[in-house]
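Hey, can you work out the whole structure from these sequences and the hints?
4 protein chains.
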Amino acid sequence: MSDTASEPVSSAVRELVDANHILFDQGVVDGFGHVSVRHPSRPDRFLLSRSMAPGLVTERDVLVFDLDGAPVEPGGPAVYLERFIHSEIYRKRPDAAAVVHSHSPAVVPFSAVTGTKLRPIFHMCGFLGAGTPVFEIRDFAGSESDLLISDGRLGAALAASLDQGPAVLMRGHGSTVVGSSLHQAVFRAVYTEVGARLQTEAMRLGPVTYLTEGESAATTKTNNTQIDRAWNLWLKAARTRSMAT
Amino acid sequence: MSDTASEPVSSAVRELVDANHILFDQGVVDGFGHVSVRHPSRPDRFLLSRSMAPGLVTERDVLVFDLDGAPVEPGGPAVYLERFIHSEIYRKRPDAAAVVHSHSPAVVPFSAVTGTKLRPIFHMCGFLGAGTPVFEIRDFAGSESDLLISDGRLGAALAASLDQGPAVLMRGHGSTVVGSSLHQAVFRAVYTEVGARLQTEAMRLGPVTYLTEGESAATTKTNNTQIDRAWNLWLKAARTRSMAT
Amino acid sequence: MSDTASEPVSSAVRELVDANHILFDQGVVDGFGHVSVRHPSRPDRFLLSRSMAPGLVTERDVLVFDLDGAPVEPGGPAVYLERFIHSEIYRKRPDAAAVVHSHSPAVVPFSAVTGTKLRPIFHMCGFLGAGTPVFEIRDFAGSESDLLISDGRLGAALAASLDQGPAVLMRGHGSTVVGSSLHQAVFRAVYTEVGARLQTEAMRLGPVTYLTEGESAATTKTNNTQIDRAWNLWLKAARTRSMAT
Amino acid sequence: MSDTASEPVSSAVRELVDANHILFDQGVVDGFGHVSVRHPSRPDRFLLSRSMAPGLVTERDVLVFDLDGAPVEPGGPAVYLERFIHSEIYRKRPDAAAVVHSHSPAVVPFSAVTGTKLRPIFHMCGFLGAGTPVFEIRDFAGSESDLLISDGRLGAALAASLDQGPAVLMRGHGSTVVGSSLHQAVFRAVYTEVGARLQTEAMRLGPVTYLTEGESAATTKTNNTQIDRAWNLWLKAARTRSMAT
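Residue numbers (the numbering used here), protein chains in the order written: chain A, 1 to 245; chain F, 1001 to 1245; chain H, 2001 to 2245; chain X, 3001 to 3245.
What the hints contain is simulated information worked out from the structure, not anything from laboratory work. Errors might be hidden in some of the hints.
[Stated by the list, open to error] Okay, derived cross-link-like pairs now, DSSO-like style, lysine-lysine, Cα gap no bigger than 30 Å in a straight line:
| no. | chain 1 | residue 1 | chain 2 | residue 2 |
| --- | --- | --- | --- | --- |
| 1 | F | Lys1236 | H | Lys2236 |
| 2 | F | Lys1117 | A | Lys117 |
| 3 | H | Lys2236 | A | Lys236 |
| 4 | X | Lys3221 | F | Lys1236 |
| 5 | X | Lys3117 | X | Lys3221 |
| 6 | F | Lys1236 | A | Lys236 |
| 7 | A | Lys92 | A | Lys117 |
| 8 | H | Lys2117 | H | Lys2092 |
| 9 | A | Lys236 | A | Lys92 |
| 10 | F | Lys1117 | F | Lys1092 |
| 11 | H | Lys2092 | H | Lys2221 |
| 12 | X | Lys3236 | X | Lys3092 |
| 13 | H | Lys2236 | X | Lys3236 |
| 14 | F | Lys1117 | H | Lys2117 |
| 15 | X | Lys3221 | X | Lys3236 |
| 16 | X | Lys3117 | A | Lys117 |
| 17 | H | Lys2221 | H | Lys2117 |
| 18 | F | Lys1221 | F | Lys1117 |
| 19 | X | Lys3117 | H | Lys2117 |
| 20 | X | Lys3236 | A | Lys236 |
[Stated by the list, open to error] Pulled from the structure, derived: some chain H residues nowhere near chain X, Cβ distances all over 10 Å:
| no. | residue |
| --- | --- |
| 21 | Pro2008 |
| 22 | Ser2011 |
| 23 | Pro2040 |
| 24 | Ser2041 |
| 25 | Asp2066 |
| 26 | Ala2070 |
| 27 | Pro2071 |
| 28 | Glu2073 |
| 29 | Gly2129 |
| 30 | Gly2131 |
| 31 | Gly2174 |
| 32 | Met2203 |
| 33 | Thr2209 |
| 34 | Tyr2210 |
| 35 | Ala2217 |
| 36 | Thr2222 |
[As the list claims (entries may be wrong)] According to the in silico footprint, chain A covers these stretches of chain X (three or more CB under 8 Å from chain A):
| no. | region |
| --- | --- |
| 37 | 3025-3035 |
| 38 | 3040-3054 |
| 39 | 3096-3108 |
| 40 | 3169-3183 |
Cβ coordinates follow ideal geometry from the N, Cα and C atoms, glycine included.
So, in structure tokens, the structure goes:
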């Protein structure tokens, strides 16, 4: 990857590989799903693996894309069909430094039901705030699509649904979260999954008391100072069990 | 296995061993369940392990069967009681290149209840289409059987219930899925289990929006191009944790 | 263990150690629970570990007990408080060759609720038959006991509740299963747990069709010929992950 | 850690490191949560790790704190924001020798719902007694707090809610348990989580019969003599899988 030879870029590539392995090790992604990070010196570009399972990604699999979702170097390997999730969010959201898209198992059910919103049930997912929007792709691609964000128009529609929030659910598909840093995006992806599981269990026990908007804001502010405590653990765990070579 | 010495056959045997280990590693089979692949040059034959736990199968355990479910080489080791699941599906379905039978844990409950159908809740199991039929063995073997597909007549009845679909549930027993390739059959077996779990969770949260038939068709078409992304990951995971020697 | 030096006994001891490790590895026991086997040549005696976590048991931890639950060799290490579960079942049931007592997690809820019986939902737990009795210790020890089967009188009451069946639940405590061989008892302990989990999930989806008594009998007869397919897998898995030294 | 050089203290430090690793290995803590033990010779002090994931704690990360929650040695590393949970419980409860705070996943739902109390469903969590109180931080910090016990006043309020009991739930946050020894506190933390999971499952099956107060007292008394059976297993498991270096 000639474009990634400078030191800040190599460092971003290495961290992106770590993020891929963490998300796999924590059960957020399986063979599918992907994570990207904005280019450290070119805000109109972002780094994303070629099309492959995140758990197997290595540094040499990372490519540079522009905000149209096109690889900067032509003639490269196959790329993710849904790279437009990333490109359009980076275009719309200057604050977004990283994006995670997944089909994490506790979250998908919330994308597919009516009448229940994914909300912050405990302080670790306070960032979910007043509740997570659900993107219904039928409104943009009709009722016979393959549900994928397979072009810039659909990416822009998804980004509009995400708006200024941290996360958006995608009906019958999964979710996408953003962060102001790669570590924050990974943290949010893991705790969106954890929170979804807790909410599902709590709803069987009785009426749930969710965080207030004030509590959401305050817990988010505090948690933002604690993200690396989790990252360091997850990184060690991912490296211990890594299958990528 | 003299009959498996030619190169295409040895290659099929090796992949079948991988499929056995993947299905065990992904939790689709435990000590029971089995996977077969049609013989690469003799469509009236198929490859299937002798009777043993899939997680322990090696190349030397693979046998060749004919479409009556009989081992081609006489005097061999004990064979699966339910090999007729495979033989009758290969007989009825020229398009079937591989068959997986399992008791995967999220699917069994759908086989045993009335009023709820296993349906595609997200794009990864779009292949489930308009819903999965349930084979009630009582209609063919009475209400005192051991529930097993233990002869050709029951195998044919199961194949008829499967019809042209990708999967059939078996009441109080498990399920059987078919694929136009071994990789596709394994992919479907894993995502039938994943989808069943997601549907079970979603049903507690509220009314579920399932994929339309158009979405099912479109997601299946797209996913068929992505199967090896999962296969490559699962194979690496299975090899890392393999117990077969 | 001088009393276990003869070859049939050493062999029984080795298999009992394997059974301990399998039950731990399969999640049937945690730090608590125990498994015993009747003495191969002295039907009035049985083999059981000293008081310790099953996952850590070695051959030198196995002791011989009589049918009063007393260790045959005096002055030995601390023994399980609930050895009377084993002694009284061996006394009452000449057909019982092995006994497993556990707090396996999917089964405990069935012990503690009224109105729902643990029943065979799929062929692998056909042995559960017409449903599993629940032993209410309050009927024998009052409502301020520690719930343990801590003497012969309570052991006899539990054995009476078990009667001629394969399994009995113990309210607010766990369950006990018996087998005509050690392998069968372990098989039943694992599939009682598996079946309980499946039934719990199925009950959310709709009315459940359980196995008929005829199906229970027929599946049990067939499964009894297949037990070692599972045992061989579980043994390999337990040895791979063993922590006992 | 100069203050921890004497033999009883070094021994307490080593056990505290073990406790950290056990709680992580048993799934009670993830990147967050913490465990402390009272200083063996100075009851007005306690030992607690610096701010980091419990699974990675080593002996050199353990610090000594006073009952105001201040590190005894100034100028040290960053400390847990919620050390006041520990300091105020040690101040209020002379019987408390160890404290575990966690967000263990089956317990959080009970903290966030109204109408359902966490109660002892089986003998292993008899210590929960008549039911576990829920601390609502809004009563003390208003409805816009970050939910953390971030000063002595909130710590004292939590300790008052805990009162003389073994455990207190914290709304939208987690739980805190105490023990008369480090082993007992860890035992209770694990079985609070196990019991919460069992209760959640049982509530779907039908009306639950919980332990009476007499049964709670009797099972607690018996279990207190059996704690090391679990501790020894958990320690071996934690060491086998340890990532701390």
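Each hint, compared with the structure:
no. : hint                     : result
1   : Lys1236(F) to Lys2236(H) : holds, 20 Å
2   : Lys1117(F) to Lys117(A)  : holds, 24 Å
3   : Lys2236(H) to Lys236(A)  : holds, 28 Å
4   : Lys3221(X) to Lys1236(F) : violated, 49 Å
5   : Lys3117(X) to Lys3221(X) : holds, 23 Å
6   : Lys1236(F) to Lys236(A)  : holds, 20 Å
7   : Lys92(A) to Lys117(A)    : holds, 25 Å
8   : Lys2117(H) to Lys2092(H) : holds, 25 Å
9   : Lys236(A) to Lys92(A)    : violated, 34 Å
10  : Lys1117(F) to Lys1092(F) : holds, 25 Å
11  : Lys2092(H) to Lys2221(H) : holds, 23 Å
12  : Lys3236(X) to Lys3092(X) : violated, 34 Å
13  : Lys2236(H) to Lys3236(X) : holds, 20 Å
14  : Lys1117(F) to Lys2117(H) : holds, 24 Å
15  : Lys3221(X) to Lys3236(X) : holds, 25 Å
16  : Lys3117(X) to Lys117(A)  : holds, 24 Å
17  : Lys2221(H) to Lys2117(H) : holds, 23 Å
18  : Lys1221(F) to Lys1117(F) : holds, 23 Å
19  : Lys3117(X) to Lys2117(H) : holds, 24 Å
20  : Lys3236(X) to Lys236(A)  : holds, 20 Å
21  : Pro2008                  : holds, 30 Å
22  : Ser2011                  : holds, 26 Å
23  : Pro2040                  : holds, 28 Å
24  : Ser2041                  : holds, 31 Å
25  : Asp2066                  : holds, 24 Å
26  : Ala2070                  : holds, 20 Å
27  : Pro2071                  : holds, 18 Å
28  : Glu2073                  : holds, 21 Å
29  : Gly2129                  : holds, 19 Å
30  : Gly2131                  : holds, 14 Å
31  : Gly2174                  : violated, 7 Å
32  : Met2203                  : violated, 7 Å
33  : Thr2209                  : holds, 18 Å
34  : Tyr2210                  : holds, 15 Å
35  : Ala2217                  : holds, 26 Å
36  : Thr2222                  : holds, 29 Å
37  : 3025-3035                : holds (count 3)
38  : 3040-3054                : holds (count 3)
39  : 3096-3108                : holds (count 4)
40  : 3169-3183                : holds (count 4)
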